[in-house]
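Work out the full structure: start from the sequences and follow the hints.
Note that the protein sequences, when read in sequence, are chains A and B. Each residue of the first sequence is one higher than the last, beginning at 45 in this note's numbering. Each residue of the second sequence is one higher than the last, beginning at 19 in this note's numbering.
There's no promise every hint is true.
[Unchecked claim] Straight-line C-alpha distance at most 20 angstroms; calculated DMTMM-like pairs for lysine to aspartate or glutamate:
hint	chain 1	residue 1	chain 2	residue 2
1	B	LYS294	A	ASP175
2	A	LYS121	B	GLU311
3	A	LYS134	B	ASP230
4	B	LYS146	B	ASP209
5	A	LYS134	B	GLU260
6	A	LYS134	B	GLU310
7	A	LYS134	B	GLU319
8	A	LYS134	B	GLU311
9	A	LYS121	B	GLU310
10	A	LYS134	B	ASP262
11	A	LYS134	B	GLU176
12	B	LYS146	B	ASP32
13	A	LYS198	A	GLU108
14	B	LYS66	B	ASP94
15	A	LYS134	B	GLU298
16	A	LYS134	B	GLU314
17	B	LYS137	B	GLU169
18	A	LYS134	B	GLU289
[What the hints assert, rightly or not] Covered stretches of chain A, going by a simulated chain B footprint (3 or more residues, C-beta under 8 angstroms):
hint	segment
19	112-121
20	135-145
[Stated by the list, open to error] Negatives, chain B to chain A, calculated, CB over 12 angstroms:
hint	residue
21	ILE60
22	ASP74
23	ASN92
24	GLY121
25	GLU164
26	ASP283
Bear in mind the hints are in silico, worked out from the structure with no lab data behind them. What you are looking at is a predicted structure, and each value in this text was computed from that prediction instead of being measured. All C-beta atoms, glycine included, are put in the ideal place defined by N, C-alpha and C.
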Amino acid sequence: MLVLDQVYWRAPDGEEIVKGVSLEIAPGKLTVVTGPNGGGKTSIAKLVAGLMAPTAGRILLDGEDITAMDITGRAQKGIAYAFQQPVRFKGVTVRDLLEIAAGNPLEEDELCGLLGKVGLCARDYMDRPVDASLSGGESKRIEIATVLARKDAKFLVFDEPEAGIDLWSFTNLIDVFGRLKEERSRGLFVISHQERILEIADEVVVIAAGQVRLSGSRAEVLPQLLAGEKQDLCPIHQRA
Amino acid sequence: MNSVTEKLLKVVSDFSGEFKGAYNIREDGGCAARQSTKHIHIESKQDKPGIDIRIDAEAQGETVYIPACVTHGNVDDLVYNDFYVAAGADVTVIAGCGVHTNGEGEARHNGIHRFFLEKGAHILYKEKHVGVGKGIGLRRIDPVTEITLGEDAVLEMETIQLGGVDTTDRRTRATLGPRARLTIHESLMTDGKETATTEFAVTMEGEDAAVDLISRSVAKGESRQSYHSRIAGNCRCTGHSECDAILVDHGTVNAAPELYAGDLDAALIHEAAIGKIAGEQIVKLRTLGLTEEQAEAKIIEGFLRGK
Numbered sequence: 045m046l047v048l049d050q051v052y053w054r055a056p057d058g059e060e061i062v063k064g065v066s067l068e069i070a071p072g073k074l075t076v077v078t079g080p081n082g083g084g085k086t087s088i089a090k091l092v093a094g095l096m097a098p099t100a101g102r103i104l105l106d107g108e109d110i111t112a113m114d115i116t117g118r119a120q121k122g123i124a125y126a127f128q129q130p131v132r133f134k135g136v137t138v139r140d141l142l143e144i145a146a147g148n149p150l151e152e153d154e155l156c157g158l159l160g161k162v163g164l165c166a167r168d169y170m171d172r173p174v175d176a177s178l179s180g181g182e183s184k185r186i187e188i189a190t191v192l193a194r195k196d197a198k199f200l201v202f203d204e205p206e207a208g209i210d211l212w213s214f215t216n217l218i219d220v221f222g223r224l225k226e227e228r229s230r231g232l233f234v235i236s237h238q239e240r241i242l243e244i245a246d247e248v249v250v251i252a253a254g255q256v257r258l259s260g261s262r263a264e265v266l267p268q269l270l271a272g273e274k275q276d277l278c279p280i281h282q283r284a
Numbered sequence: 019m020n021s022v023t024e025k026l027l028k029v030v031s032d033f034s035g036e037f038k039g040a041y042n043i044r045e046d047g048g049c050a051a052r053q054s055t056k057h058i059h060i061e062s063k064q065d066k067p068g069i070d071i072r073i074d075a076e077a078q079g080e081t082v083y084i085p086a087c088v089t090h091g092n093v094d095d096l097v098y099n100d101f102y103v104a105a106g107a108d109v110t111v112i113a114g115c116g117v118h119t120n121g122e123g124e125a126r127h128n129g130i131h132r133f134f135l136e137k138g139a140h141i142l143y144k145e146k147h148v149g150v151g152k153g154i155g156l157r158r159i160d161p162v163t164e165i166t167l168g169e170d171a172v173l174e175m176e177t178i179q180l181g182g183v184d185t186t187d188r189r190t191r192a193t194l195g196p197r198a199r200l201t202i203h204e205s206l207m208t209d210g211k212e213t214a215t216t217e218f219a220v221t222m223e224g225e226d227a228a229v230d231l232i233s234r235s236v237a238k239g240e241s242r243q244s245y246h247s248r249i250a251g252n253c254r255c256t257g258h259s260e261c262d263a264i265l266v267d268h269g270t271v272n273a274a275p276e277l278y279a280g281d282l283d284a285a286l287i288h289e290a291a292i293g294k295i296a297g298e299q300i301v302k303l304r305t306l307g308l309t310e311e312q313a314e315a316k317i318i319e320g321f322l323r324g325k
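The following block contains the structure:
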């Protein structure tokens, strides 16, 4: 279980972005975090992966307090994190990144397996540098593949995996999450605005203005969210 | 051949006990071993130190090795190696250089390589430099490469120096005929108090000649690097140079690219970037489980290898 316990985070300019968020991400389940832009979703993902340190509160991984643990330590403990904006390198290849993620050299059929899941042909891509020569969609798919390559990861965090991805890739992406969910072995923590990702969620959490506004099973939360689209006032704010 | 030479050969030219094909092994200013083949002839120069390598048109897919090693201090080795490549030949040249000193004396190798490629010839030229040994004597390598490409000739040069050389002055000059193509990929890493000077001068004289010049360097410790490239296009031609450097610790890099267009249809581009490793790159690799130091090493490894 990945637990956020009353987590706060204040930006360097003094603005409080995350205001006492408590969450439980269960192993073997797909938890989708959604909500308006600027509400603090990406900050929460970064706090989980250790890219930022909370100003207050605790983060627990299977009962262990990892709040003070750095990025490397958390990765080694089993947290994998897919960036919303994939990082570009010079010279570092797709194969390099996937082998670092896997922790060992990979045979071509293993590379095919990983890249195939994100709709890329290994032969065309494995020796390509992860640089600006890749399109936005290609680099996003490779970013997702680096997380899929993390064999020992217990919790996979995806920050808006659909951002910058084309429609064809998106259909494949839904399949990837569907398959990961069926494995039921790892906790999936996905930040998304996409209805199709919400539709396959086990749990849905709505974050707005730095707080949890709604959370529960998909069956409980989704109808309220979708109903909101037809109302004059957002039901989230009505509840608040 | 002594044991230091054998070790250096392993590093600079992947030597594993024997070379297959044509080779000339130079050790402390003398010839340690040599072999010609049916289509690649190696002969000593009569008027100065060095060799002439004559490659026939029939040489296709062969590799010729010409490594040079300086195994102790107080050696100042100067050598002239000239390659005469007949029309249509297609050969790989592996020229490594290793300098080693355990004493106070300077170990220096100054190799002057000249390439003359006739019509349609193709050479892949690989050059790797390394300095080893614990002596306080300077390890110094000053390579000069002069390239003359006839029409449709192609030369691809990969030059690598990844440490241990206290000071290096690397000069490469080339003249390109019609439709000739030259690509150069330089990888350079300096550390400690090392200094490296690199100078490229490429002149395109024949219509539709093309040059692609890529330099990737890393300056660590207190090391200092200086880069100057000059691409001159005197006809319809294309030229591209890219100079990227990563700074670590207190390393410094001076990059001075220069383009000269002497014709309306000369299309010349230069790209340059110098800076420390982007923080987000280190963060990404740390999220995959590497420490900061491991991440930095991987980023540098990829950067220097990359094309």
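Quick one: which hint numbers does this structure break? Sort them smallest to largest. Every hint satisfied by this model.
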